[in-house]
Amino acid sequence: MTATEHGPALPDGLRDRVLAASLRARAAGRPEPAAPEISPAEAFARAADAFYGMLGVLQPEDWRRPALRGLDVQGLVGHLTGVEEDTHRCLSGDPQVAEASHVESTQPAAERQAGHSPDETRVEWRRAADRTLELVHAAGDPGTELAVHGMRLPLGTLLVVRAFELWIHDNDIRQAAGLPPAVPDPSTLSLMTEAAAQVLPRAAERRGLRDPTSVHLVLTGPGGGTWDIPIGDSAAAPARVGIVADAVGFCQLVANRTTPDRLDLHISGDPDRAALVLAAAPTLALD
Amino acid sequence: MLATCSRADDLISGRFGVEPCLVPGNRSSVHHVGGTDALLAARLAAGDHDALAEVFDRMAPVVYSGALSVLGHHATAQDVVQDVFVELWSHPGRYDPEAGPLRAYLTMQARHRAVDVVRSELRRAARQERSSRLELGQPDPTPWEQVMASQAAAAVRAAVETLPESQRRIVELAYYRGLTCREAAKAAGIPEGTAKSRLRLALAKLETVLDRQLLESP
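For the record, the sequence lines run as chains A and B. Under the numbering used here, the residue at position 37 of the first sequence is numbered 37, and the numbers go up by one with no gaps. Under the numbering used here, the residue at position 74 of the second sequence is numbered 1074, and the numbers go up by one with no gaps.
Treat the hints as calculated values from the structure; they're not laboratory data. Any given hint might turn out to be false.
Unchecked claim - The following label-pair restraints were derived from C-beta to C-beta distances:
hint, chain 1, residue 1, chain 2, residue 2, range
1, B, G1193, A, R17, 52 to 62 Å
2, A, E104, B, A1104, 55 to 65 Å
3, A, A138, B, S1090, 41 to 51 Å
4, B, G1093, A, E194, 18 to 28 Å
5, B, L1201, A, D228, 56 to 66 Å
6, B, R1094, A, S117, 51 to 61 Å
7, B, D1116, A, G178, 50 to 60 Å
8, A, R17, B, T1162, 33 to 43 Å
Built from N, CA and C at the ideal position, the CB exists for glycine as well.
If we strip away everything but chain B, and leave its shape as in the complex, we get (with noise of 0.2 Å):
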């Protein structure tokens, strides 16, 4: 049975499970392939890999330009360049032509791919911080694992400047001078709840503008 031609109303209106299609109208018999990006975004999803060459060649660069702006590092920004060109080509109907151009689209992915690596970089670091206080010997850090390094701190001290000053105080007693949340809250003469709370609520807001400050980034 056809379980989309149940109603009259579903009959009489042509609908038979999809939209009612373009109904073909006098338009010109021939125009050259190259135009819209609602056309190219057709084209990839009906499995047209010509299609993605095109947006290849007319987009890559920006979007290398925009994934290496954020990471700072060539070969770093040509594997988010390939993530998102391949999941562009693996569901294409994610890209919403309505929505804006496609190579602010692709831009976009690239440098929220391009902060994914970053946050994950830093919490690699993180972690091999504190495993490195606890053991001798770590190997020396890569270049590539300095100059992350060396952005990270750069942009979490700029985002803790952002921070109102009772929130701020709490996150250098607690992350700079290494002290303990009771401690913190000791040294800043507040209740140790309050320390708690205030400290939730700075990082919280350090995610968000590390986010913004890496999202935005020339």
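Just chain A, same shape as in the assembly (with noise of 0.2 Å):
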């Protein structure tokens, strides 16, 4: 029997009992309820039409309005045409893109804007954005290895971090007009994250944590989850870290739209290790 404060003592084997029986009804890690799974195609799809449908809600004074790096709306606009139109040439098999520069690749076509109408510009982008989704259907396999703008990743994963980049200039250019922030629907955040926690470890390999660390990430709500990463050094035991977030801010964090002083988090472990951790999540963000 083991003591306790509060009752009577528990029947020694029943917490493990309770435990076992617990993840035989549902597996650990698995949200409940779970978000209805949909491809990573459809996740790009949903977060194009997502900005296209903000665009043509934006006045025609927010367009000249300072968005990122210098760029206005309508020139954050241009960039994301630039992406999508390396997008096409990496679809194509041109191996020029695989290690362009995200930013200076997209500039021309960003500075381009400069002559154009709000209108012009945004159905330039649309096209660009179909022309994506058309190459990605005739590509077919998800699993495709591509490499773009430095990063060398399966199609399906590739469509997830453009759905993700489209999310975050969405929220760049609302932030500019003064509209409310975004948020994914539930399928769509639900990729995001799962490619945030498999990010995590390279991310913190590029900002030099060797340390050996077992990081269970918590994120929560609609399109969350729960993983245990290792990171570092796999040769000595781990120093296990608990870090719970709010699944929405965990992904503005690593696409470097927020901080972590500014997330409600909760930390259980180290606190100095769970802080390099979080300092190592927006590494890889790319703007």
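Could you fit the two chains together into a complex? Lean on the hints.
Below, the structure is given as structure tokens:
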């Protein structure tokens, strides 16, 4: 029996029995309710539709507002047209885009918007996004390895990264125009949180975090989930760090759109190690 | 197409199929896990099995106590504890932190489940009673069955005492003296239809009273 403070002693073995039975009923890590599964192509299509719809409600003066990296809203949409064009080249097998800079390679597309009307910019971006989807459907296998902007990743993952990017820039423009932030639907967000969790070891490595750490990452809210992520050298016994954060907030952190001190985080384990992991999270963010 | 993004109002307000997210504010950087029931509920929903272990360690004793107070039987109370925690893990969204503390929710779940066990046992015992009148050589009841039968009998006797005189009389005639409804009506000097009506009302009230007694038992 186990003596306890607030009730009778629990019979030996009851805890193990209950926890084992719970795992038989529902696997650990799976959110409940789980968001309906969608394909990466569908996630990209939804993000593109949301982005295009947002552009449609902007006022003429909004297109001139500063948005990001010295670009106004129209220039930022032009940057995204450039990203689509590089994606087309990547999907067509052009090796030139494999190591191209995400910013420099798309700068000409951003700059050429200066002589265009907002409608022209909007329609040009829509056509480019639609072309991306045509090429994706033609490519078929989401496991096809691709290389673009210094990333080497399967087509499916690239589409999730692209959906992620569209959502982040959607909110950049909303912020510039004084609109409230948008949140992806749970199915799309679920693919994004998965990508954010998967990218954490590489981000930590890039940041030079070598100490073996087992990160128990819990992302709450629709599209969330739980992951146990090994970081650093695997030779020694890892320190365990627990991080609980809102799923949307963590995605914003990974995208370098917020900082740990602005998130409602709940940390267990070594707080210094957790701070290093969180600082590493945005390392692979693309602008 | 993005079905959730068809209206300009939604676009302007940021609604994309879900409520707008919490806009990150200036909050302190590090909090320690173990906070509110809302946080535990969110972690359970996210599939954090550590959260279930935490809830179990903090609340299982009172859940067990609640089940045991209704059942008076350790093994069955353990089954109820398992059911309650597996249910919480399988459907964490059924707990609403706005409605009250998690401890109270789990204790109430345990009591409800324990009452269900008792009611099920009452029905089973009644069926066995009927069949034993027809058959010989029934096996002896187990200690658990004896405990349940005596508890159930005491609970029913107490509940019958709460009925109005007219209803109590017809219940006693029909159940304690084993009369048919027609015979009970004749013995009570009332029409058979009235006897049936009183019996229905009495049974409905007994069910309510029995549930309340079991749920409120210490």
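**OP:** Just pull the numbers of the violated hints for me, sorted ascending.
**Re:** none
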